[in-house]
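Each protein sequence line maps, in turn, to chains A and B.
Just so you know, we're using the working numbering here: the first sequence kicks off at 1 and counts up by one.
Just so you know, we're using the working numbering here: the second sequence kicks off at 1 and counts up by one.
A hint or two may mislead.
Unchecked claim - From the structure, some residues in chain A lie toward chain B, with a derived Cβ separation under 8 Å:
{"#": "1", "residue": "T71"}
{"#": "2", "residue": "T73"}
{"#": "3", "residue": "A75"}
{"#": "4", "residue": "G241"}
{"#": "5", "residue": "T242"}
{"#": "6", "residue": "T243"}
{"#": "7", "residue": "I246"}
{"#": "8", "residue": "T247"}
{"#": "9", "residue": "I248"}
{"#": "10", "residue": "N250"}
{"#": "11", "residue": "D267"}
{"#": "12", "residue": "P270"}
{"#": "13", "residue": "A271"}
{"#": "14", "residue": "D278"}
These aren't lab readings, by the way, just hints derived from the structure by calculation.
Don't be surprised by glycine CBs; every beta carbon is placed ideally from N, CA and C.
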Amino acid sequence: MKKINRSNDALNGITRRRFIQYGSLAAATSIVAACAPTATTPTTTTGATSSASPAAGGAKGIKVGVMYSTTGTIAIVEKSLQDATFLAIDQINEGTGPWAGKKGIDGQMIEKVVVNPDSNWDLYNQMSKRLIDEDKVVCVLGCYTSASRKSVLPVFEEKDSLLYYPVYYEGNECSSNVIYTGAAPNQQITDSIPFCIKTFGKKGFFIGSDYIYPKESNRIAKAELVNGGGEVVGDEYAALGTTEFITIINKIKQAKPNFILSNLVGDSIPAFYKQLKDAGITSKDIPIMAFPTTEEEIQAMGPEFAEGHYSSFNYFQSVDTPENKAFVEQFKAKFGKERVTNGVMEAAYIQTFFMAQAMEKVAKEKKALNTSSLREATRGQVFKAPQGTVKVDPDNYHSYLYSRIGKWKADGQAEIVFATKAAVKPIPWSQALYKGRTCVHKTPDDRSNSNVETKKDLPVEFLKET
Amino acid sequence: MNVLPINALSSLIHLAQATPAAKSFDPIAITNQLLNGVGIIGILLLTGLGLSITFGVMRIINLAHGEFIMLGAYTSFVLQSNFKMDLLLTIPFSFLFTAFIGAIVERTIVRRLYGRAVETLLATWGLSIVIQGVVKLIFTAQLKYVKAPPYTRGNWTPFQIGGQAIEISYYRLFIIFMALLLLGITAFLLYRTKLGREVRAVTQNRDMAKCLGINTSLVDMLTFAYGCGLAGVAGTVISSLKSVAPPMGQDYLVDAWMTVVTGGVDKLVGVLAGAVLIGESNAAIAYLINDPTARVIVLAAVIVLIRYRPEGLFTVQKRS
Numbered sequence: 001m002k003k004i005n006r007s008n009d010a011l012n013g014i015t016r017r018r019f020i021q022y023g024s025l026a027a028a029t030s031i032v033a034a035c036a037p038t039a040t041t042p043t044t045t046t047g048a049t050s051s052a053s054p055a056a057g058g059a060k061g062i063k064v065g066v067m068y069s070t071t072g073t074i075a076i077v078e079k080s081l082q083d084a085t086f087l088a089i090d091q092i093n094e095g096t097g098p099w100a101g102k103k104g105i106d107g108q109m110i111e112k113v114v115v116n117p118d119s120n121w122d123l124y125n126q127m128s129k130r131l132i133d134e135d136k137v138v139c140v141l142g143c144y145t146s147a148s149r150k151s152v153l154p155v156f157e158e159k160d161s162l163l164y165y166p167v168y169y170e171g172n173e174c175s176s177n178v179i180y181t182g183a184a185p186n187q188q189i190t191d192s193i194p195f196c197i198k199t200f201g202k203k204g205f206f207i208g209s210d211y212i213y214p215k216e217s218n219r220i221a222k223a224e225l226v227n228g229g230g231e232v233v234g235d236e237y238a239a240l241g242t243t244e245f246i247t248i249i250n251k252i253k254q255a256k257p258n259f260i261l262s263n264l265v266g267d268s269i270p271a272f273y274k275q276l277k278d279a280g281i282t283s284k285d286i287p288i289m290a291f292p293t294t295e296e297e298i299q300a301m302g303p304e305f306a307e308g309h310y311s312s313f314n315y316f317q318s319v320d321t322p323e324n325k326a327f328v329e330q331f332k333a334k335f336g337k338e339r340v341t342n343g344v345m346e347a348a349y350i351q352t353f354f355m356a357q358a359m360e361k362v363a364k365e366k367k368a369l370n371t372s373s374l375r376e377a378t379r380g381q382v383f384k385a386p387q388g389t390v391k392v393d394p395d396n397y398h399s400y401l402y403s404r405i406g407k408w409k410a411d412g413q414a415e416i417v418f419a420t421k422a423a424v425k426p427i428p429w430s431q432a433l434y435k436g437r438t439c440v441h442k443t444p445d446d447r448s449n450s451n452v453e454t455k456k457d458l459p460v461e462f463l464k465e466t
Numbered sequence: 001m002n003v004l005p006i007n008a009l010s011s012l013i014h015l016a017q018a019t020p021a022a023k024s025f026d027p028i029a030i031t032n033q034l035l036n037g038v039g040i041i042g043i044l045l046l047t048g049l050g051l052s053i054t055f056g057v058m059r060i061i062n063l064a065h066g067e068f069i070m071l072g073a074y075t076s077f078v079l080q081s082n083f084k085m086d087l088l089l090t091i092p093f094s095f096l097f098t099a100f101i102g103a104i105v106e107r108t109i110v111r112r113l114y115g116r117a118v119e120t121l122l123a124t125w126g127l128s129i130v131i132q133g134v135v136k137l138i139f140t141a142q143l144k145y146v147k148a149p150p151y152t153r154g155n156w157t158p159f160q161i162g163g164q165a166i167e168i169s170y171y172r173l174f175i176i177f178m179a180l181l182l183l184g185i186t187a188f189l190l191y192r193t194k195l196g197r198e199v200r201a202v203t204q205n206r207d208m209a210k211c212l213g214i215n216t217s218l219v220d221m222l223t224f225a226y227g228c229g230l231a232g233v234a235g236t237v238i239s240s241l242k243s244v245a246p247p248m249g250q251d252y253l254v255d256a257w258m259t260v261v262t263g264g265v266d267k268l269v270g271v272l273a274g275a276v277l278i279g280e281s282n283a284a285i286a287y288l289i290n291d292p293t294a295r296v297i298v299l300a301a302v303i304v305l306i307r308y309r310p311e312g313l314f315t316v317q318k319r320s
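Based on the sequences and whatever the hints tell you, model everything.
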């Protein structure tokens with residue numbers, strides 16, 4: 001009783017003025033904390049002052065929105081996406097790297113407008129409105145989680161603007177206002193499940209973080225496993241940000257699978273790999289096949305814990321192409337020797353060049369730079385990326401990408417044990433769940449239902465080098 | 001913050017989907033799971049202990065507790081990456097460093113707000129954001145890696161039947177040992193030393209204690225610093241189970257609060273009781289259904305419990 005009285009006293013004791021004082025103090029500190037990291041990066045000041053329509057391509061430069069969280073839970077990943085994007089924009093403006101011999105877009109500089117949505121899905125929505133309406137950017141590079149993409153999608157469709165989205169995702173979406181440069185299900189999941197059945201065995205244990213992407217991705221992977229004659233012996237999810245895995249590991253011990261398929265994200269990844277090895281399960285006993293585990297997470301957990309496990313991705317730092325060698329070198333020169341590159345960062349890097357090449361094409365054709373001309377020019381763009389030659393599919397605005405499987409080595413790099421011979425044509429819909437369904441935009445700005453039901457097995461198509 | 005309701009919702013959907021709960025009731029797996037519960041208890045106890053000092057003894061609602069855990073983890077990271085120190089050797093340093101920061105915080109912020117619970121809550125919440133921001137500026141948002149000492153690798157296996165074994169990892173055993181050790185030291189300090197007597201005197205009647213010549217402001221500072229130091233030790237010990245990152249403390253804040261509030265704050269043994277209760281029920285429910293649902297059920301149970309026993313389970317009824 002005593003305690004309750006006391007807290008009531010405390011509540012009554014607050015005068016309105018004092019409440020405002022401390023309330024604003026708390027609000028101010030959170031604002032300072034949210035702004036601080038972005039202040040260190042070159043941010044262009046924005047506001048109502050830029051009344052000259054930059055979309056029309058004035059002398060000032062081309063405004064492009066960069067929307068990644070540099071604070072909050074997702075900052076761990078999105079900060080490196082921002083780094084890769086900044087590297088690409090600097091190379092375009094300075095005429096270095098893949099842009100050697102040119103300068104900017106036909107002489108015009110790319111001017112980045114940087115916002116930080118603080119890992120808050122609602123803020124992504126508000127900030128994309130601000131970028132389009134107030135800053136009048138031509139397009140936006142950004143988002144990482146599917147939740148944030150779903151949050152901004154209505155904005156880009158309603159205002160008819162263009163989002164470049166660099167992340168492997170669960171598919172089942174096909175907007176004509178998004179250019180998807182990460183893997184569709186058939187470029188990551190479809191090849192890895194048969195590989196698991198062949199290499200490890202038929203019994204798979206599925207784990208993931210508890211939100212849209214891991215659940216959908218596992219749903220597709222489970223269907224693929226069953227189609228391939230395998231068996232699902234477990235399906236467990238952990239709340240986002242969970243770092244306690246002993247219960248799930250106990251269930252794995254009991255189920256005795258041949259392999260674990262992991263769709264854990266963020267700091268759950270290092271925690272799971274570490275605790276699995278601590279519990280006495282090595283990669284020889286039960287290997288993990290993972291989608292979101294990249295070089296960055298391996299570095300964060302210590303490579304010894306990942307050694308012998310597998311990841312499926314379009315790109316690994318160890319991919320052997322001259323473009324990749326240059327990319328890794330340039331990235332390390334800009335951000336530090338100890339940094340690593342990974343698949344999502346590479347996608348963020350190449351989508352910036354897709355955008356720049358498209359802008360260049362618009363400028364050459366002497367058209368006004370706006371959403372429809374940029375979209376038209378982005379379709380079918382080809383780029384010699386670090387992972388190999390890739391292309392924006394003119395039908396569904398996803399990208400032709402390589403599909404690879406890497407086995408992690410003691411030095412934190414992947415030995416590539418499977419790779420397609422060329423980039424694979426993207427199919428946004430999982431064929432295991434929706435047989436024969438794909439997506440073709442009938443017109444560049446297609447607002448009708450763009451799904452095509454062929455009812456047949458779609459053949460695997462590779463990008464033909466021209 | 002906004003992730004929480006989504007989690008809660010999807011967990012409820014889990015429940016509704018009626019997951020295939022009862023697998024074969026394997027006695028070995030169940031015993032293992034109960035042992036796993038012991039592992040969870042160790043972490044809860046370790047993270048809750050510091051809070052039982054700052055909240056239980058001093059009645060300060062410290063929402064920056066998680067950030068002190070994070071600071072302890074970063075201290076170990078810095079010492080390990082620069083001086084190649086063994087993780088266990090960094091424990092005293094993270095204790096001293098976080099206690100030092102705690103002392104500064106007490107002098108500059110908490111001291112001015114004694115007896116004003118809501119203001120303390122707001123101020124420490126703001127502080128937690130500032131500490132996270134500063135750490136992010138210094139170390140960037142990337143996940144950092146802390147190495148566990150090699151001699152804590154592997155499992156302790158009390159016995160084996162057939163191909164199955166009952167086992168618990170040495171590191172988990174180390175955590176529970178560490179937690180009990182700290183609990184013992186804290187109890188000794190609090191109940192067997194002059195300083196501890198002074199601390200309790202100040203808590204029970206500040207004015208009277210002052211009249212008797214106790215330097216209350218020094219006692220306050222030391223007590224708060226000690227609570228923060230314990231959080232730092234927790235951070236160091238936990239860091240090698242996961243990775244080190246600025247928001248890592250947030251995960252432990254809620255758990256630590258649940259532990260302290262469930263057990264009751266008047267007696268130190270309440271933290272142990274709270275940790276055992278929450279740890280084992282979490283482990284059991286997580287085994288029977290799944291992890292996110294277990295969290296929802298346990299949290300709901302704690303709320304109901306506080307409604308009917310606001311002073312916690314293990315508190316002696318007092319006349320007021």
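Do the hints match the structure? See the list:
The interface hint given for A:T71 holds, since its Cβ lies 7 Å from the closest Cβ of chain B, which is under the 8 Å cut-off. Given the 8 Å rule on beta carbons, the hint for A:T73 holds: about 6 Å separates it from the nearest Cβ of chain B. Proximity of A:A75 to chain B holds as hinted, the smallest CB-CB distance being about 4 Å (cut-off 8 Å). Evaluation of the A:G241 hint against chain B yields a held restraint, the C-beta minimum of about 6 Å falling below 8 Å.
The interface hint given for A:T242 is met, as the beta carbon of that residue sits about 7 Å from the closest beta carbon of chain B, less than 8 Å. Among the interface hints, the one on A:T243 holds; its C-beta lies about 4 Å from the nearest C-beta in chain B, closer than the 8 Å criterion. Because the closest C-beta pair between A:I246 and chain B is about 4 Å apart, less than 8 Å, the hint holds. Residue-level restraint check for A:T247 holds (minimum Cβ-Cβ distance to chain B is 4 Å; threshold 8 Å).
Against a cut-off of 8 Å between C-beta atoms, the interface hint on A:I248 holds, since the closest Cβ of chain B lies about 7 Å away. With its C-beta approaching chain B no nearer than about 5 Å, A:N250 sits inside the 8 Å limit, and its interface hint holds. A hinted interface residue such as A:D267 counts as satisfied when its beta carbon comes closer than 8 Å to some beta carbon of chain B; here the least separation is about 5 Å, so the hint holds. Residue-level restraint check for A:P270 holds (minimum Cβ-Cβ distance to chain B is 4 Å; threshold 8 Å).
Among the interface hints, the one on A:A271 holds; its C-beta lies about 4 Å from the nearest C-beta in chain B, closer than the 8 Å criterion. Hint on A:D278 holds. Least Cβ distance to chain B is approximately 5 Å, under the 8 Å limit.
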